[in-house]
Amino acid sequence: MGDSFAVEAIHVSTAYPRSNDVALRDIYLRVPHGAIVLISGPNGAGKTTLLELILGFLRPLRGELYVLGLRMPENARYVRRRCGYVMQNFMKPPDTPYTAREVILMGLAPYKPPFFRLSRRDENLLRDLAEFLGVSGILDRPFGTLSGGQQQRIMLARALIRRPSILLLDEPFSSIDRGSRHEFSELIHSIREEWGTTILVVSHDVEPIERYADIFVEMREGRVVEEKWSS
Amino acid sequence: MIIFLESVVAACIAGLLCGYLGTYLRRLRLITLGFAVAHGAIAGASIAFMMGYPVEMPAFLFGVLAATLIEVLHRRFGVERDVASMYVFSFSSALAVIAIYSTPTILLTSDIASMILWGSILTMTLDKILILCMLLLLLLAYTRAFRLELDSILFDQKLAESEGVRVGLHVTVFILISSASVAILLRFVGGLLLFSLIFSPAIAATSISYRRQGGVGAAIGSAAGIIGVVLSFALDLPIGSTIAISSGMLSIALASIFMLLGKRKMRFLVLQSGDSVG
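In order, the protein sequence lines correspond to chains A and B. Taking our numbering, the leading residue of the first sequence gets 1, the next gets one more, and so forth. Taking our numbering, the leading residue of the second sequence gets 1, the next gets one more, and so forth.
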């Protein structure tokens with residue numbers, strides 16, 4: 001398999017370790033580079049499981065999975081370094097001992113040598129990213145004291161500082177109010193436009209991101225029940 | 001006088017090491033694993049003692065073995081780490097009891113058995129103090145060198161793993177340092193009481209400091225160690241128990257004071273966060 005697709009799942013079935021239940025069944029999905037994919041479906045449909053499969057946390061029991069042209073989960077560590085992941089449950093309590101700036105810089109952890117010091121290039125990247133995401137004013141605040149929307153943007157900045165080839169967003173609208181959801185969707189769109197990043201968005205709420213998505217995937221009971229391409 | 005000074009220096013360094021290490025073990029959710037490692041080390045030391053060998057190396061190896069067993073049960077068989085730790089703790093304790101029971105009576109009544117169980121100031125020699133210093137420096141250098149990766153793990157282990165951070169490697173390093181520390185300190189503080197020097201300062205540091213928990217844990221551990229040695233000499237009590245009591249009391253006292261002040265700290269954090277959007 002070449003790397004003409006960012007993600008290529010060929011009839012993949014998988015299950016959680018030590019579970020008798022199959023979590024995903026016969027998934028066939030091809031995601032071109034630079035596409036925005038909206039994955040929706042009810043609770044327990046397997047949406048988050050699909051992201052975990054892509055990141056190599058789960059092993060295909062049947063079928064084959066390639067991410068960035070690399071077979072998974074054999075190349076999981078390399079693929080993870082080229083992905084940015086914003087998890088669903090990222091909210092932290094107020095006494096979390098890190099500032100927003102520190103949380104963003106943690107995204108660089110796998111790439112930096114021991115005794116790493118922030119370079120001018122890193123600082124510029126952080127500044128540009130903070131401006132782009134509108135979080136310049138909150139960088140020195142304790143992460144846990146930020147609102148849900150602010151924490152969301154900081155986590156997105158953490159994912160983007162890695163310059164990922166693929167960005168995985170798990171329920172990105174769940175912790176932000178209705179008014180900010182469209183604004184956040186525009187941000188996701190501009191990330192793709194700016195950097196050509198492939199973006200997979202898992203969301204119950206399809207409305208805010210619908211108009212920017214290139215591929216719509218509907219999941220139910222661990223299966224892809226519908227796949228539509230935007231005209 | 002020399003013994004007293006050596007003990008004070010040893011207790012100070014042991015407290016720094018255990019207090020600092022404990023804050024990482026707590027935040028990595030490895031407290032019960034650390035507890036099981038300490039008891040694995042007791043089992044190793046007891047078996048070595050029964051066979052008439054030096055106890056340090058077997059204690060270290062059994063500590064590592066205990067941690068390995070826990071990780072295998074956790075990762076391969078899906079047993080929760082806490083449950084696996086309690087299983088290994090029970091098993092290690094049973095092994096230690098069998099070893100002590102099988103030891104010839106003359107040896108058992110000697111001071112050596114008490115050293116494993118409740119510690120002795122006579123066991124801390126200059127070479128062991130140097131090893132403790134090296135372990136402390138190694139731990140400080142390690143946490144400084146890999147600060148970004150460790151912070152990432154402490155912030156969210158699953159997220160760190162999904163970003164390609166070597167979570168397993170770092171956990172292994174902490175287990176090895178813990179096992180080595182326990183093995184060296186086993187005869188000084190005593191296997192049954194050593195864990196309080198790791199655990200109590202770490203818990204107190206959580207209540208006291210928002211950002212400098214490692215340093216605070218080390219400071220409390222060090223102070224508790226010194227107070228414990230002084231009490232042991234003054235009251236002619238086993239050093240392990242005086243260190244454990246001073247560690248516990250000091251930690252509870254400091255944590256209580258800072259818990260009361262903490263409400264103020266929280267209000268400050270909330271005010272500092274300013275207006276929230278979105």
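FYI, nobody ran anything at the bench for these hints, they're computed from the structure. Check before you lean on any hint, since a few could be wrong.
[Unchecked claim] Simulated pairs of lysine-lysine, DSBU-like, Cα-Cα distance not exceeding 30 Å:
# : chain 1 : residue 1 : chain 2 : residue 2
1 : A       : 92        : A       : 112
2 : A       : 112       : B       : 158
3 : A       : 92        : B       : 128
Hints not upheld, ascending by number: 3
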